[in-house]
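S.K.: Mapped onto full-length UniProt numbering, the consecutive letters of the sequence shown carry residue numbers 1 to 152.
Hints may be right or wrong, so weigh each one.
To be verified - Simulated crosslink set (DSSO-like; lysine-lysine; CA at most 30 Å straight-line):
| id | residue 1 | residue 2 |
| --- | --- | --- |
| 1 | 133 | 100 |
| 2 | 37 | 8 |
| 3 | 133 | 95 |
| 4 | 37 | 5 |
| 5 | 100 | 110 |
| 6 | 32 | 8 |
| 7 | 138 | 110 |
| 8 | 138 | 95 |
Think of the hints as simulated: they come from the structure by calculation, not from any bench.
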Amino acid sequence: MYHRKCFKCARCTRPLDSVLACDGPDDNIYCKLCYAKLFGPKGVGYGHTPTLVSTNYEYTPSCWGTIDRNGQKSENGCPRCGFMVFAAEQVKSAKNVWHKLCFYCMECRKYLDSTNLNDGPDGGIYCRSCYGKFYGPKGVGYGIGAGTLTMA
Numbered sequence: 001m002y003h004r005k006c007f008k009c010a011r012c013t014r015p016l017d018s019v020l021a022c023d024g025p026d027d028n029i030y031c032k033l034c035y036a037k038l039f040g041p042k043g044v045g046y047g048h049t050p051t052l053v054s055t056n057y058e059y060t061p062s063c064w065g066t067i068d069r070n071g072q073k074s075e076n077g078c079p080r081c082g083f084m085v086f087a088a089e090q091v092k093s094a095k096n097v098w099h100k101l102c103f104y105c106m107e108c109r110k111y112l113d114s115t116n117l118n119d120g121p122d123g124g125i126y127c128r129s130c131y132g133k134f135y136g137p138k139g140v141g142y143g144i145g146a147g148t149l150t151m152a
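Construct all of the structure, not just a fragment, from the sequences and the given hints.
M.R.: Shown next, in the form of structure tokens:
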């Protein structure tokens with residue numbers, strides 16, 4: 001039991017609450033950052049922000065199809081994977097309902113939301129720049145250079 005003023009990190013003196021406090025093996029209390037530095041794993045690869053290491057394997061939506069979703073594809077399901085879209089996981093475009101994990105640009109695979117979504121005439125969904133590249137205006141004045149229209 002600690003006084004409110006005394007409930008702080010033993011190393012950096014940061015005020016703590018029940019979420020930030022970690023009990024150290026030396027019977028002191030630490031913030032999560034100091035606890036990790038003092039008592040966390042050490043060695044090559046530790047002590048920095050975790051990053052994704054390339055495995056030379058491209059994770060694609062076809063991989064998701066191997067997940068057992070009761071084995072039933074739906075006629076009115078997600079246009080990308082074909083499985084039924086439940087209300088809790090649906091994201092809507094103008095023409096279709098998608099799974100959140102399937103809601104990315106048909107061309108560049110960038111994940112989309114309501115601010116950067118464009119429905120293509122082919123039924124696909126595109127980010128603004130890819131939509132502009134394929135379906136945007138073409139001709140004089142719409143190319144690259146000063147004074148041109150950008151689709152970003």
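S.K.: Now, for every hint given, state plainly whether the structure supports it.
M.R.: Each hint, compared with the structure:
The straight-line distance between the Cα atoms of residue 133 and residue 100 is roughly 24 Å, inside the 30 Å bound, and the hint therefore holds. For the hint pairing residue 37 with residue 8, the CA-to-CA distance comes to about 16 Å; that is within 30 Å, so the pair holds. Restraint check for residue 133 and residue 95: satisfied, since their Cα atoms lie roughly 21 Å apart, inside the 30 Å limit. For the hint pairing residue 37 with residue 5, the CA-to-CA distance comes to about 24 Å; that is within 30 Å, so the pair holds.
Under the criterion of a C-alpha separation no larger than 30 Å, the hint pairing residue 100 with residue 110 is consistent with the structure, at around 12 Å. About 11 Å separates the Cα atoms of residue 32 and residue 8, which keeps this hinted pair within 30 Å; it holds. With a C-alpha separation of about 23 Å, the suggested pair residue 138 and residue 110 falls inside the 30 Å cut-off, and the hint holds. Taken as a hint, the residue 138 and residue 95 pair is honoured in the structure, with Cα atoms around 25 Å apart against an allowance of 30 Å.
Checked against the numbered hints listed earlier, the structure breaks none of them; every hint is satisfied.
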